[in-house]
Each structure stands twice: as C-alpha cells, then as structure tokens.
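Engineer: Each protein sequence line maps, in turn, to chains A and B.
Counting in full-length UniProt numbering, the first sequence runs from 1 upward without gaps.
Counting in full-length UniProt numbering, the second sequence runs from 1 upward without gaps.
Misleading hints may appear alongside valid ones.
Unchecked claim - If you want the footprint, here are the derived chain B segments under chain A, 3+ residues with CB under 8 Å:
id	stretch
1	112-125
2	159-172
3	190-199
4	301-315
Hints listed in this document are in silico derivations from the structure and should not be mistaken for laboratory results.
Using N, Cα and C, we set each Cβ at its ideal position, and we do this for glycine too.
Here are the chains, one letter per residue:
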Amino acid sequence: MKHLLATTAAAATLIAGAAFAQSGTDPVKMGVLLSFTGPIESLSPAMASGAEMAISEASGNENFMGGTSIEPVRADATCVDAAAATAAAERMITSDGVTAIMGADCSGVTTAVLSNVAVPNGVAMISPAATSPALSSAEDNGLFFRTAPSDARQGEVMANILIEEGIEEVAVTYTNNDYGNGFADAFIASYEDQGGTVTLSASHEDGKGDYSAEVGALASAGGDALVVLGYVDQGGAGIIQSALDTGAFDTFAFGDGMIGDSLTERFGQSIEGSIGTAPGGENEGADMFQTMADEAGIDGTSVYAGESYDAAALLVLAMAQAESASAGDYAGEIMGIANEPGEKIYPGELAKALQIIADGGEVDYEGATGVEFVEPGEAAGSYAEFRVQDGALEVIGYR
Amino acid sequence: MEPINAIVALMNFVVIPATAYGAQLALGALGVTLVYGILRFSNFAHGDSMAFGAMATILFTWGLQALGISLGPIPTALLALPAGIIVTALFLLGTDRVVYRFYRRQKANPVILVIVSIGVMFIYNGVVRLIVGPGDQFFDDGARFIFTVRDFQAWTGLDEGFGLRTSQAITLITAVIVVAALFWFLNRTRTGKSMRAFSDNEDLALLSGINPERVVAVTWVIVAALATLAGVLYGLDKSFKPFTYFQLLLPIFAAAIVGGLGSPVGAIAGGFVIAFSEVTITYAWKRVLAYAMPDSLEPSNLVQLLSTDYKFAVSFMILVVVLLFRPTGLFKGKSV
Numbered sequence: 001m002k003h004l005l006a007t008t009a010a011a012a013t014l015i016a017g018a019a020f021a022q023s024g025t026d027p028v029k030m031g032v033l034l035s036f037t038g039p040i041e042s043l044s045p046a047m048a049s050g051a052e053m054a055i056s057e058a059s060g061n062e063n064f065m066g067g068t069s070i071e072p073v074r075a076d077a078t079c080v081d082a083a084a085a086t087a088a089a090e091r092m093i094t095s096d097g098v099t100a101i102m103g104a105d106c107s108g109v110t111t112a113v114l115s116n117v118a119v120p121n122g123v124a125m126i127s128p129a130a131t132s133p134a135l136s137s138a139e140d141n142g143l144f145f146r147t148a149p150s151d152a153r154q155g156e157v158m159a160n161i162l163i164e165e166g167i168e169e170v171a172v173t174y175t176n177n178d179y180g181n182g183f184a185d186a187f188i189a190s191y192e193d194q195g196g197t198v199t200l201s202a203s204h205e206d207g208k209g210d211y212s213a214e215v216g217a218l219a220s221a222g223g224d225a226l227v228v229l230g231y232v233d234q235g236g237a238g239i240i241q242s243a244l245d246t247g248a249f250d251t252f253a254f255g256d257g258m259i260g261d262s263l264t265e266r267f268g269q270s271i272e273g274s275i276g277t278a279p280g281g282e283n284e285g286a287d288m289f290q291t292m293a294d295e296a297g298i299d300g301t302s303v304y305a306g307e308s309y310d311a312a313a314l315l316v317l318a319m320a321q322a323e324s325a326s327a328g329d330y331a332g333e334i335m336g337i338a339n340e341p342g343e344k345i346y347p348g349e350l351a352k353a354l355q356i357i358a359d360g361g362e363v364d365y366e367g368a369t370g371v372e373f374v375e376p377g378e379a380a381g382s383y384a385e386f387r388v389q390d391g392a393l394e395v396i397g398y399r
Numbered sequence: 001m002e003p004i005n006a007i008v009a010l011m012n013f014v015v016i017p018a019t020a021y022g023a024q025l026a027l028g029a030l031g032v033t034l035v036y037g038i039l040r041f042s043n044f045a046h047g048d049s050m051a052f053g054a055m056a057t058i059l060f061t062w063g064l065q066a067l068g069i070s071l072g073p074i075p076t077a078l079l080a081l082p083a084g085i086i087v088t089a090l091f092l093l094g095t096d097r098v099v100y101r102f103y104r105r106q107k108a109n110p111v112i113l114v115i116v117s118i119g120v121m122f123i124y125n126g127v128v129r130l131i132v133g134p135g136d137q138f139f140d141d142g143a144r145f146i147f148t149v150r151d152f153q154a155w156t157g158l159d160e161g162f163g164l165r166t167s168q169a170i171t172l173i174t175a176v177i178v179v180a181a182l183f184w185f186l187n188r189t190r191t192g193k194s195m196r197a198f199s200d201n202e203d204l205a206l207l208s209g210i211n212p213e214r215v216v217a218v219t220w221v222i223v224a225a226l227a228t229l230a231g232v233l234y235g236l237d238k239s240f241k242p243f244t245y246f247q248l249l250l251p252i253f254a255a256a257i258v259g260g261l262g263s264p265v266g267a268i269a270g271g272f273v274i275a276f277s278e279v280t281i282t283y284a285w286k287r288v289l290a291y292a293m294p295d296s297l298e299p300s301n302l303v304q305l306l307s308t309d310y311k312f313a314v315s316f317m318i319l320v321v322v323l324l325f326r327p328t329g330l331f332k333g334k335s336v
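Please model the entire structure based on the sequences and the hints provided.
Structural biologist: Below you can see the structure in the form of structure tokens.
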C-alpha cells in the first residue's frame with residue numbers, strides 16, 4: 001500500500017511537472033520496458049520505480065533542455081515472449097512517441113527488441129539487466145548500452161583468479177540454460193587463452209535428485225578443481241554433494257549463481273579453500289541509492305533496481321549534453337558521461353550534473369552501481385572475489 | 001595394483017551409486033507393477049505417492065528430532081517410517097474410496113483409470129507442495145558415511161578409493177528385506193495368494209469367494225508401504241524435493257515395463273537394468289581404462305558413449321527396444 005501511495009505521489013508530481021512544462025515545449029518521453037509479468041515479475045516493480053526516480057529527479061529541471069519535463073511510459077517486456085515485447089516496444093515508439101528506452105531486462109527479449117524495433121527506428125536503449133555475452137556483439141548501430149555487466153566479463157575474472165592460484169586444469173559443469181551456456185563459453189575461452197586446460201565441460205539439468213552420472217563423467221575427466229556455474233538452490237548443490245561423496249573433487253570454483261548463504265550452511269568446512277565470484281564492488285553510490293529508495297518507499301536492495309536508476313539517469317544526462325531528445329544526437333554522448341574525465345556524480349545528484357553540463361563542464365556518472373562503461377557500451381562490471389574460509393564465504397577482494 | 005585401482009574406481013563411480021539407485025527404482029517399480037497386476041491400470045500418481053510418503057515421514061522425523069530422539073549413527077527417519085507408512089496408507093485408501101472405487105464399480109476401461117490417475121497425480125503434487133513447500137528439505141541425520149573415500153585410501157594405500165554412505169547401505173539392506181517379505185507374503189500367505197488369484201483371473205477369484213474390496217485395500221496398503229520406503233530411501237540418499245519424484249516416474253515406469261508389468265521379479269530386475277544402463281552408458285571410462293590397460297593403449301579422449309545430457313534418453317531407448325522385441329518384458333509380464 002505504501003508502495004502504491006509512493007508511486008501515485010510520484011505520478012502526481014510528474015503530472016504537475018508536465019502541466020507546468022506544457023507552456024514551454026512538449027515533454028520528452030522515455031520508455032520503461034520491463035517484464036512486469038513472467039519469470040522475473042517480482043523484480044520489475046522495484047526496477048521501474050528506480051528508473052522513474054531518476055526521471056522525476058531531472059524532469060522539469062531548468063538545465064534539462066530549457067526546463068522540459070520527462071514522462072515515463074511503461075510497457076511489459078514479458079521476459080520470455082519476444083513477439084509481445086517487440087509489439088510493446090513498437091507501440092511505445094510509434095504511438096507514445098518515446099525517444100529512449102530504459103530496458104529491456106531479460107537477454108532474449110532485449111535482443112529481439114534491439115534488432116526489431118530500436119535499430120530500425122533509431123531509438124537508443126539501455127538495459128539494466130541483460131547479461132548475455134551475445135549482446136556484446138549484437139548489431140546495434142551504437143544504440144545499445146547496458147548497466148549490467150556481461151557474463152563474459154565474469155568468465156574472464158574467474159579464469160584470471162584460477163590461473164593466479166596456479167590451478168591450470170579444471171572440469172566445468174554448467175546449468176543448461178542461456179546463463180549457464182554463455183558463462184561457460186566465456187570462462188572456457190578466457191581460461192584456455194591463458195594456458196589453462198578444460199578436461200570436460202558438461203551441462204547439468206536443474207531440479208533432479210541424482211547427479212552421480214554427471215559427477216562420474218567429470219571425475220573421470222579429472223582436474224585440479226571443479227568449476228560450477230549453476231544455481232545454489234538447484235542442481236549446483238547436488239553436483240557438489242555428489243562430488244564430495246565420491247571424493248572426486250575437494251576444490252571448487254563458483255559462479256555468481258552459487259554464491260549464497262545456503263552454500264556454506266550445507267557444505268561448510270568440506271569446501272574449504274574454494275573460490276567464487278559475484279557482481280559487487282566498493283562504491284559510495286550504493287548506500288546513497290539505498291537511502292533515496294527507502295525515502296521513496298522502494299526496495300533499494302532489490303536486484304537491478306540500482307542499475308535501472310543508472311540506466312534512466314544516463315539517458316537523461318546524455319540528452320542534456322546533446323540538448324536533443326533524438327537518439328542520433330544523444331547516443332554518442334552516453335560513453336563520455338559514464339566514464340572519466342569529469343566530476344563524479346552519485347545518485348540524487350542529477351541536478352548538480354545538469355548544472356555542470358549547462359556550464360560546459362564534464363561529468364563522470366558513477367551512480368548507484370559505480371558505472372564504468374567499456375566498449376561496446378556495457379558496464380565493465382566489478383566483481384567480488386570470495387573464498388571459503390573456516391566454513392564461511394569471505395570477500396577477499398574486488399576486481 | 002593397476003587392475004585393483006580400476007576396480008575400485010569402478011566401484012566408486014558406477015557400481016555403488018547404480019546399485020543404490022537401482023534398489024530405489026526397484027522399490028518404486030514394485031508398487032507400479034502391483035497396481036498394474038491387481039488393480040489393472042498404470043498408476044501415474046505413484047511418483048507423487050512416493051513424495052507424499054516421504055513427506056509424511058519427514059514430518060514425523062522432524063517431530064522426533066525436536067524431541068531429541070535419535071538412533072545414533074542410523075537416520076532417525078527409519079524410526080519415523082512406520083508412522084509415515086500408516087499416514088500414506090490412509091491417504092491412498094481415502095483416494096481409492098473417493099476416486100478409484102467409483103470407476104471400478106463402473107468397470108471403467110483401464111485407459112480411463114490411467115487418465116484419472118494423472119488427475120490424482122496433480123492433486124498429490126499440489127498437496128505435497130502445500131504442506132512442505134516446493135524446495136529442498138533435509139532430514140538425514142546420524143553418520144553420513146560408513147567409510148569415506150579418504151578412509152579407504154588410507155587403509156589400502158591405493159590411488160583410488162571408494163566410500164560407502166550410510167544411506168546407500170540402508171537402501172540395499174532395506175530393499176532386500178522388503179522384497180523378501182513381499183515375496184513371502186504373496187507366495188505363502190492366504191491373503192497374498194488371494195491377491196495373486198485376483199490378479200490372474202478376476203472372475204474365477206470372485207467365484208471362489210475372494211472379497212474384492214479386501215484385496216484392493218490390502219494392495220493399496222502394500223503399495224503405500226513400498227512407495228513410502230522408496231521415497232524415504234531416495235530422499236535420504238539424495239535430497240527430498242517434491243519435483244524430483246515427479247521426474248522419477250519415467251525411470252520407474254521404464255523399470256516396471258522392461259521387467260514385465262505385473263511381474264514383481266521383473267520390477268526388481270528392471271530397476272537394476274535401468275539404473276546400471278543410465279550410469280554405465282553415460283560414464284566416462286577414461287579413468288578406469290587408464291588403469292586397466294597398458295600405458296601404450298591409454299585412451300586420449302573420455303571414452304564416453306553418451307553425454308550425461310542424454311541420461312533420461314537411455315531409459316527411453318531401453319524401453320523402446322524391449323517393447324519392440326519383447327512386448328511382455330524380460331519376465332513375461334502382461335503385454336502393455
């Protein structure tokens with residue numbers, strides 16, 4: 001209820017702002033294309049509210065294109081139905097007239113919207129949640145960006161850690177879906193580049209009771225460690241259990257899906273010395289965003305809420321820099337705003353950023369997630385390195 | 001030492017896991033085959049009956065654990081088993097009373113009963129999830145291992161080793177006892193004989209004065225006991241999660257059909273055939289062969305016949321081959 005009130009209040013402010021700006025120019029419209037229904041429907045409300053927080057923060061600011069207001073337009077990306085997501089995006093652009101899209105979220109629908117709608121219509125999109133490595137090489141005409149890092153980056157980080165640890169031969173098992181596949185491919189490519197050997201890469205299905213056949217094959221292939229790229233509440237735990245029972249492996253390397261309290265609760269000391277990686281970094285913005293979200297009645301800890309705020313903020317700042325709401329003009333500014341040089345901008349400081357831009361200065365948008373873009377326009381991704389010490393997961397550094 | 005290492009590696013990764021898995025499948029298949037033989041339909045709700053039985057036992061186990069009662073190194077779940085079996089038996093008898101009896105009185109076609117059992121399956125599925133939730137539940141306690149791989153290596157000084165889990169040993173011992181008891185019951189007791197008579201020829205059995213409702217009730221009680229045992233042993237050995245029991249339905253049916261539907265001996269043989277084929281066909285033999293063969297012949301690849309992704313396909317393939325060449329199964333059950 002509190003949430004509903006907050007949203008209503010935000011909407012009311014927006015309408016008031018819009019009415020005020022009506023006297024000047026037409027409002028800029030920004031699409032908020034997220035999966036309000038479907039497998040990640042529980043995450044979407046907080047993501048949308050995060051994005052709309054950034055929009056209302058800048059809307060009507062005198063330094064934003066002469067006081068123009070910004071209106072969010074929500075639509076459902078469904079996460080799984082590419083046709084529905086494409087239709088929703090098409091409608092946003094043709095009938096609502098949005099000139100930028102904050103979205104989409106799941107990798108599959110994001111790819112579809114990008115190639116079928118965003119590129120043909122020349123509208124830029126920043127996804128807060130699509131992590132598939134395939135999007136890095138998508139044909140985007142410089143219109144696609146993401147504030148979530150590609151899983152390819154995590155594969156690389158994990159390969160670096162293993163090589164530095166002197167572990168040069170591993171077996172890999174991954175959960176049989178887009179996440180697991182992409183992650184495993186990225187890891188193996190990077191690991192082999194650095195001289196490591198992968199003895200076997202085998203998928204596993206989630207939700208089964210018995211993984212002795214999978215572990216039997218992995219054990220036969222051998223290696224110094226077993227790399228598990230799965231989910232801790234699913235098949236990943238079954239694989240580890242079976243590997244420990246048969247004495248096949250004692251050392252493991254875990255992807256982000258495996259990092260969770262239930263991992264050490266269940267296995268504790270028996271996986272001592274295993275390593276893991278998960279997105280995370282030291283940045284001041286996270287706490288500031290948290291405070292702002294609490295005040296607005298949004299769950300700021302919700303996954304990708306911060307990324308959504310950052311995605312919308314980047315679009316707004318780029319438009320201000322280009323003094324245009326047309327993607328042809330502002331898309332080229334996004335990389336410059338996200339990266340150095342310039343004054344660092346944290347959540348809640350959009351007014352300050354707009355002032356700097358109006359005065360002809362440069363900004364380096366850090367935001368809630370420490371935004372740092374690498375080519376081709378995606379978050380560099382900061383990862384925490386974990387190690388199991390005394391039966392508990394400890395963060396031993398960031399990379 | 002090399003050949004011994006090969007045998008030990010084989011024990012660790014193939015023989016022990018497949019034997020335990022085979023015993024669990026066999027207990028499940030026995031239940032399916034009894035329903036098929038005596039009540040004359042394929043009971044698709046069997047997997048979820050196992051889940052229900054395991055769930056009931058888990059609830060009692062938690063109760064005992066909360067009271068501080070334990071069996072030392074043996075899982076407390078064994079103590080809770082009888083209570084779990086009673087609850088499950090009442091549940092299955094209730095289902096029969098409410099659902100199956102109606103169709104039996106109408107002399108419904110077996111196909112209709114199969115469809116009915118699918119409906120029952122979904123309801124059981126929902127009931128179990130409502131009560132314990134869809135996630136993993138842990139209820140094993142006591143000693144996890146009788147001896148571990150490391151212990152074995154320390155005793156023998158071999159490079160390879162094998163461990164034996166308490167749950168695996170219990171599975172095998174229980175399976176042997178239960179199967180022996182079931183055969184004694186079916187072959188030696190009056191009720192068992194009347195069940196076999198009812199299975200062989202319903203009309204003649206009725207003429208000789210056998211009470212059909214009693215036979216049906218006894219069958220459900222035995223099926224409940226078998227399902228609960230299989231479910232609990234599987235849950236102890238792996239982990240309890242309602243959805244995995246639903247997936248077990250395929251290998252269990254494959255086991256029952258391969259052995260010959262309606263034949264108890266066939267169900268047991270079928271269980272082991274399916275379990276061993278699933279594990280051996282998807283096993284990468286490199287490690288074993290490297291020990292067993294001279295160095296010059298050591299395989300360079302994994303020597304894996306099928307990737308583990310195709311594990312479930314193995315049950316299907318065996319099923320198809322058996323149905324093509326021996327439709328009544330290995331032990332002359334009823335034709336499907």
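Engineer: Mind checking, does the stretch 190-199 of chain B have 3 or more residues with a CB under 8 Å from chain A?
Structural biologist: Per the Cβ count (0), the hint is violated.
Engineer: Given as covered by chain A, does the stretch 301-315 of chain B meet the bar of three residues or more with CB within less than 8 Å?
Structural biologist: holds (count 6)
Engineer: Counting residues of the stretch 112-125 of chain B whose CB is closer than 8 Å to a CB in chain A, do you get three or more?
Structural biologist: It is violated: at least three residues are needed, and the stretch 112-125 of chain B offers just 0 whose Cβ sits closer than 8 Å to chain A.
Engineer: Verify this for me: three or more residues of the stretch 159-172 of chain B with a beta carbon less than 8 Å from a beta carbon of chain A.
Structural biologist: As far as the stretch 159-172 of chain B goes, the hint holds, because 4 residues have Cβ atoms under 8 Å from chain A.
Violated hints, in rising order: 1 and 3; the structure is consistent with all others.
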